[in-house]
Amino acid sequence: MTPEELLKRYELAPSKDDELIEYERQLWQARYSPCGRFLIGCGYDATIQRWDISGEKPQLMPELTGHNGWVQAIGFQPQKNRLLSADSWGQLACWSYAEQATKPVWSLPEAHPNWIRAIAISPNGELVATGGNSNSVRIWSTEDGKLQREIPHPDRIFSLCFHPKGNALVVGDLKGIIRQWDTSTEAGSQSGDDAKEVRQFDAAILFNDEAETKGRIQQCGGIRHLQFDAGGKRLVCTGQKQPGGGFATGTPCAIVYDWESGKQIREMPMGGAQDGFSYDAQFHPDGFVMATSTAFPGKGHVWFWRPEDEKAFFTSSKLPNGFSLSLHPNGNNVAHLTSKSPNGNGRALKDGEYVGGSARIRLLHFPIEVDA
Amino acid sequence: MSSTQQSPLCKPWEHSFSRRQLLGATGAGIGALGAGALGGMLDPAVAEELKKQEKQVIFVWLDGGISQLESWDPKPNTQFGGPYRAIPTSVPGIHVSELLPQTAQQMHHLSIVRNLHTQDNSHSAGVARINRGDPKNRGVVYPYLGSAVAKLMGPTSSGLPPYCWVKPYSGGFKTGDAGFLPAKYGALAFGDAKAPENLLLNESVSLAENAKRNELRKKFNNRFAKGRRNESTDANSYVYDVADTLMQRRDLFDETKVSDKDKDRYGRHALGRHMLMARRLIEAGVRFVKVNSYHWDSHGDNFNACESLIPQFDRPFAALLEDLNERGMLDNVLVIAMSEFGRTPRINSHVGRDHWPEAWSVAMGGSGIRRGHVVGKTNNLGTFVDGDEYDIGHLFHTWFRALDIPQKMMEYNNDGQPLPVANEECSPIEELLT
Amino acid sequence: MSRSILTFAILTFAILALTCSVTGAVEPLHQRIDQLIEAKIDGESAPLSDDAEFFRRLTLDLTGRIPSSQKTREFLKDTSPDKRRAAIERLLEQPSYAERMANLFHVTLMERRGDNPEWDAFLRDCFEQNKPWDQIAREILKPNPEDETLRGAAYFYTRRLEKVGQNTTDYSGLTRDVGRLFLGVDLQCAECHDHLFIDDYKQHDFQGLFAVYKGVSIRSGKFPAVNEASMSTKLDFVSVFEEGKVSTGPRVPFGKEFEIPDPPEVDPAEKKKKPDPNQPPAFSALSLIANDLTSGDKELFRKNIANRLWFSMMGQGLVEPLDQFHSANPPSHPELLDLLADELASHNFDIKWMVRELALTKTWQRSSRMASADKLPPRNSYRLGLQRRLTADQLFASVLQATGNLDRLLERSKAFNAKKDSEKTDSENKDAETKDAAAEEPAVDEYKELQALFLTAFGSEPKEPAIDYAPAVKQALFLLNDSKVLDLLKPHSGNLIDRLAKMPNTSVADELYLSIFCRLPDEEERAMINEYLAETSAANDDNENKSKEQSAENSPRTTALSQLAWAMLTSMEFCVNH
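Chains as they are written, first to last, in our numbering: chain F, 3 to 374; chain R, 580 to 1013; chain C, 137 to 714.
Mixed in with the good hints, there may be bad ones.
Some chain R residues near chain C, calculated using beta-carbon distances under 7 Å [stated by the list, open to error]: (1) 754; (2) 762; (3) 767; (4) 775; (5) 777; (6) 818.
For lysine-lysine, the following DSS-like pairs were computed, each having C-alpha atoms within a straight-line distance of at most 27 Å [said to hold, decoys possible]: (7) 599/C to 773/R; (8) 301/F to 320/F; (9) 638/C to 791/R.
Per the computed footprint, the stretches of chain F lying under chain R, defined by three or more beta-carbons under 8 Å from a beta-carbon of chain R, are [as the list claims (entries may be wrong)]: (10) 71-79; (11) 97-107.
To be clear, the hints were calculated from the coordinates, so they are not data collected in a lab.
Please read these numbers as outputs of a predicted model, since none were measured by experiment.
Just so it is clear, CB atoms sit at the ideal spot from N, CA and C, and this is done for glycine as well.
This is chain F alone, in the form it adopts within the complex (with noise of 0.2 Å):
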């Protein structure tokens, strides 16, 4: 297809007339589950949030609690219509989402001793792997939390994927490199010491360690999400392109690498150097990326780009401050989660009140409908 083919197909814009789900404090996700029937939120107040779909209008399920700090990572593991979540206590916790019981299948309070950043399921949905402050990646068996094995790393850890084949794990962190390890080994041994790193890949444009041109003390960056496409060939990471310190600005981007050859295929900015963080990006079917990004309060962009294309074809600054894109299975419905938090220094009370940021998900959906 062309661009203009493809914008005609997949633009979204937003209207008055979305559905929108209003949920009280901030959302870090906002996901479709694997079986389409359900919207999970997980954010800042230590609560998983489930909204059932499936009928005319969204119908809110009793929250899943348990959880401390914030829920920053969740995934599925759809043979058994499990939630995996994990938060910035350390707690890793199993979940039957679709269920309404609020209690976990299993938990395990201590899973890092602090907070864990990301979470992947592997496609065969027994293992889940873990990562965050600790500097190493854990591997889990998904069906009663048992320790496989343990990779450590030099640095924090931002994001995990699996391979959809299984057989490698990718692992993101702060300074913008991804480390490819081989996963093929007998699931069983604890240490990581069998644990092979096959490659890396660079994205070290993702980082920034401010100290040599500016004087700033602050490292900022962090390959912030990884995803691959539904067959394996392509990876995408996301991030901030030389991010800066203290504000934290710096030009969201999304950067897309050849698995085979693990060559970058294209960079993805999308947004001004006064921006922020692109937190999310995943494939469509039709081989373009989706990505969204967030800064101050009305910035950010929405932008799908096939990576063949020197740029987007479709970018909205409509759909601002996006921290989550979650394409339904049926592969016509976009939730877009975006935070509503003023910014502002000092009092700034309205009605007395001292507000705190909230979340909205932005029910959008294609303008021409696929086959599912």
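Got chain F sorted already, so can you dock chains R and C onto it with the hints?
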């Protein structure tokens, strides 16, 4: 009125008054002020007493606003609490953020004031105002704390300049801190803790020759001073004296004099090196050492910023407290760590926190300060102070008391105009003082 | 009396009367200045400076450096009754007068933000020609990129419009500086609201000028130049304290607001073309502002320059700080300020004329020393001449002059630059090379290097008004230990130490004092010097060569001479204009 950061109309420099700007009404030039402000100070007996005790100050300034919620006053698992946990400290009942693990072990040397509520939510106004103690508007620019202490207490018997500043970027004599006080009460800054240029006696000049030529210089100055205004001569002599003292103490800048172990304990990063330098300067007898760290203003990606920045403070600050204690110096050295304000409980859409003067914290310890104590509190959400509030003026009074400067005798004499040293509507925080 | 004599007398009287009424027959300005100063004096005043004091101060103020010992000797020996006036006239005609004034205005207007050869050339030309100040101001405020001799003036704008790091262009800073430097008002705190405690400064005063500068941008090219967008709409602004939007067209602070004309009709074909930013705008608000600000009816414009010229000579402004003109900050001598401002304006803003008049006043010539120094009079009474620290540029030039290295280093600088230029044509140089071999071709421009070191050590911080010359530790360390500084006090052909080393002890004191302090020593001082030198030679009696004419670089006597010279150079008497 709500303000937004980076308003195109308002930039930081606009709110930083220099002495010049506010002198208009008094009509007096700098010289006149200089002459006046040298007079009318402490009772000589008190001055002597102070000198004997040799109280000193280390003032750590984290410019930009360290987040109190990610440091001294964590509120885990609340609406605005963020991702981190609180950890216990060496003082039962006191918790700090998990980002301060090493300082937590030194809490028994510290106190935290959690009920600070100040007036400015911009750097431009806030930094200067906090550093000057926000006295009531007297039409003069008040000195920074370091200049005030340099004036009120003078140098220690070491003879080293009373106010030194260890900072990134440039060094040199920074007179801006002195406010209306004579320029000599400014800060002698060491850029990146490095020796000032030309510190070594030129190889073509022997020690004897150096002594001789300075003796001659003084002779010429004495002759010139007859029948003339003197404040310039005094200031001129002063800088040569300081230069001389520094030349004799060039060992302070000699890296080989510090053990690798210490360098590692403090950390090899800038703030680590600078705090180690501060310790050396205090050990050498500098009255007041300020250490600055910049870029703490985490409006975006606050939490990753805190993870990157706070350890750079935690490690050397804990090492400093440990070392001072070990050397028996904590009774005489006042240690303060602060910023110009805290950060908003509300997390913005750039996952950052903005400026928050409404309720924030300052940590301090050492000379005259109670150990292991928390003053005041914020509400459960950490949004506002619950109960009594303090402003920076209270802290200034408290610090002057902690340094044993008698309240009644503390006054500046600005060319005949008496001025209180701190906001007279504030008073010391008694529960903080031993 | 015969009739013809009477007629003659009447005619003469009539002519005189006519002449008087035409010329006004008022006293010269310098006398009126003194009268107004003396009218407010209540108490004892210092006497006039003696000849040495006068001549040093004059040479510093008019040519930017101390006089040489030879010139001082000549002046002291001169017995003509009007020698002071003659000296003033003579120095005003020196090329160094124009250099000094160019430097003064460079530091005042650019505040050590940077240097630019076109700007330097522009300023030098202004003072070589003695251009009227209002013309200079107009040439700066509305630079002319077409004229090679004038275009450098744009540096005032371009340097301030340059972006620093990630910051946006500082239009506010530029607006503020125009107000400060050309009108004597610092509107910094009137950008976001009416000034909080200076009632005269309103937000409108800032914004009206700001509106103009928002349309100005740097034009890229090899010389400083700006572009101006055609101003088509008023600028909206809000106060952070008050409700409601206000708008303004271009306006000089406290002046009248100009109408913005409707933009001219643009041919639709033209509209499609990309606008050429280098083209002058259809409506130039900048031209309006430049003319209005410098016009005769702008009281602040003439008062500002009068005040600044007064400050540069007297060491204190009639209004202090120099950029705080407002009704709650009255001048110390209001009538005097009015007089200076009005006279300067009616004399076509002739700076040289004003400098001459100021130098002729008793006020300026008053000594900075009083016999009875129990209670020194207030600075702004002018009963006592004010001490002013030498500027960094004056200090540099004076150190070189005093140590007798100025000519030598200037020549070497010339040689270096000539060598650089002619290096492009190698073959021609071969003869020159053999000639210069003996003269030791300089490998670097030592003059420029030393100048840079002095400016780093003594120059005020960038963007700081160059009025507070606070002594600093780095200055002391520089003079104590810098090798290049100390080298000036080693004997080099013809410099001070070299000359002194060749002199008998009895001549040393006079030459030292005349060279460095620009005066003769008194008896006590002579004795001190002689005693010191005698001590030195006594301490080296075992040296077989007792000849005092030896000029070995490391001889104890040479060292002693260097010590003396160094101590004098670093003492207050040298560093201060008194």
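Comparing the hints with the structure gives:
1. 754: 5 Å, holds
2. 762: 4 Å, holds
3. 767: Holds. Min distance 6 Å.
4. 775: Hint holds; residue 775/R Cβ to chain C Cβ min 6 Å, cut 7 Å.
5. 777: 4 Å, holds
6. 818: It holds, given that the least Cβ distance between residue 818/R and chain C is near 5 Å, below 7 Å.
7. 599/C to 773/R: Given that 27 Å is the threshold and the Cα spacing comes to 25 Å, the pair holds.
8. 301/F to 320/F: 9 Å, holds
9. 638/C to 791/R: With Cα atoms ~23 Å apart, residue 638/C and residue 791/R stay inside 27 Å; holds.
10. 71-79: holds (count 3)
11. 97-107: violated (count 0)
Of the numbered hints stated above, the single one contradicted by the structure is hint 11.
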